[in-house]
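Protein chains: 2
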Amino acid sequence: MEFIEHYQNLISAAVGENRFTEGPEELYEPVNYIISHGGKRLRPVMVLMACDLFDGDLRQAIRPALAIEYFHNFTLIHDDIMDNATLRRGQPTVHSVYGANTGILSGDVLLMKSYKFFEELQPELFKRCVSIFTETGILVCEGQQHDVNFETRNDVTYDEYIMMISHKTGVLIGAALKIGALIGGSSEKDAEALYQFGLHVGVAFQIMDDYLDVYGDMKALGKKQAGDIYENKKTALYLLAMEHADEEERKELDYWYSKKTDNIDKVYSVENIFRHVKVEEKALRLVQKHSELAHRYLDEINVSADKKKPFLQLAGQLLQRQF
Amino acid sequence: MEFIEHYQNLISAAVGENRFTEGPEELYEPVNYIISHGGKRLRPVMVLMACDLFDGDLRQAIRPALAIEYFHNFTLIHDDIMDNATLRRGQPTVHSVYGANTGILSGDVLLMKSYKFFEELQPELFKRCVSIFTETGILVCEGQQHDVNFETRNDVTYDEYIMMISHKTGVLIGAALKIGALIGGSSEKDAEALYQFGLHVGVAFQIMDDYLDVYGDMKALGKKQAGDIYENKKTALYLLAMEHADEEERKELDYWYSKKTDNIDKVYSVENIFRHVKVEEKALRLVQKHSELAHRYLDEINVSADKKKPFLQLAGQLLQRQF
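If you're matching them up, the sequences are chains A and B in order.
Taken in order, the first sequence gives residues 842 to 1164; the numbers are from our numbering.
Taken in order, the second sequence gives residues 842 to 1164; the numbers are from our numbering.
Check the hints yourself; a few may be wrong.
No copy is singled out in the list; a pair is fine if it fits within one copy or between any two copies.
[As the list claims (entries may be wrong)] Mimicking SDA-like on lysine to any residue, the simulated pairs with C-alpha atoms at most 25 Å apart in a straight line are: (1) LYS1101 - GLY940; (2) LYS1101 - TYR874; (3) LYS881 - MET842; (4) LYS1074 - PRO865; (5) LYS957 - ILE1105; (6) LYS957 - ASP988; (7) LYS1030 - PRO964.
In case anyone wonders, no lab produced these hints; they're calculated from the structure.
Working from the sequences, and respecting the hints, build out all of it.
Here it is as structure tokens:
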């Protein structure tokens, strides 16, 4: 999609211009390290897209777009420490290169630096955007904690799971779009509708992610088939299965999900239950549901259908993993 | 000092009213835990004092005062993880009770929650205060990193040390006063003068802290005599000694400061060099210098001398460790 590339180039240039050159080097080198690995930078792209949707001044949106991207990277640095992760975007994680202490402190300074990117906005808009940004950051932390809690809980419900992934993934996409919309001059109502669009795209994306772990082409995705099952992750598939399985199947799921094993029988058994309770179909229906909800919110927005097309394209391709 | 207690009571009440009752509990319990241990809460007290100095509306200053206090506690949680500290204010540190991962995430959410405490200010004031707050947070992180760097560097200069303690201690005191002043309706010029007052009080306090480690009444302070020397800490005393010692003494200091030992000879030898190069006198002169600078900035402020008295009292008692 050409329009995405156009926005990505704008973000890339801004990232380049905003490299941290101040000292102490030990603090900012790790920050420049993770930012430079980039990734697809779809969140800041969404800030720009939303600003454009309302014919706003893109130049005003670029630094706030960086705030969203830098915030995201702050969460990655700290999450990787907590998860003991060694690789991120194919590169060694910040803490595995620089140590956990530097990771903590570099993450902290990156979060605060991201607040600075709103400072060129006039006071009303600054206050509005910073408040959304702060609220979103809090929800992301809460989502992360719920995710941690779910690992050791055996009674997580499907609704709790949706709440958790909304917070971990959805709200930041929503906030990126809402902030971009407000900077672009949208009404509060339109900005909120775009937020909800982003939230549901995020949720649909996350359920799709769970789906693809079992039913996707893992070669194309570069992941291990059924990795979530091996890892005992309480994904949407697992929760749907627990909800619809009979007593005996539930016991079997409990059995396998309390074991840490590379035994392929585990995957066969679990997938067998998934098949029996039609998890594949149910998961796809839920992706569809959140996708439709997203579209309905997009429909509500008071701009021409033509201008909304990029958002439909982006959502569609996200779900098809074409990024 | 009665006026301090009055402000402390206001802060205490506000802390009580703003306990975090939302979930997930695993995230907010550690936050309530550290906040409830209190300490003297002089930073938020300073926000209120500064607001009062300009006859401002104290009710407007209370939540921003909490922002300063909560930010400070965020830094304590993360610093204690980095320092592997087990005790803080006589209580087990957050990470030693709840684990490092919870400490990281609770610290993060506390930082973002602290931004929320500015949201009742009108947009211009919100933007001004949040910008100062962000800039201060960045400087505090930088100061922390410099402090870490200094541990392994052998060429730290006295000026670098002053810069480091300004960032680690001074700027947050300065920012507390400046934010309180602006909320109280002060001019930018007066707010900046009060910031400088706080900065220099902070620096004087920190040098005094180094001084008391060797020359203070350790029983009264509840610390180990010469603990900084045993720990090889590059304090103001050490840096003054290195600057003024002769070649041979410098070698001896290098020798002792590269050793980790409980040998009392280390303290005798180091204190002997301190005596020879008149470190005690020089350190006190520097405390005096920053104290005088602070007073000079206070003098500049366009309010009656009478109203400034509490600030002189506070600074005086801080330096005499009467808190």
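Against the structure, the hints:
1. LYS1101 - GLY940: Between. Shortest inter-copy distance 23 Å satisfies the 25 Å Cα cut-off; intra-copy 28 Å does not.
2. LYS1101 - TYR874: Neither: 34 Å inside a copy, 35 Å across copies.
3. LYS881 - MET842: within (13 Å within a copy, 58 Å between copies)
4. LYS1074 - PRO865: Answer is between; shortest inter-copy Cα gap is 20 Å, intra-copy 40 Å.
5. LYS957 - ILE1105: neither (50 Å within a copy, 49 Å between copies)
6. LYS957 - ASP988: between (29 Å within a copy, 24 Å between copies)
7. LYS1030 - PRO964: Answer is both; intra-copy 20 Å and inter-copy 21 Å each pass.
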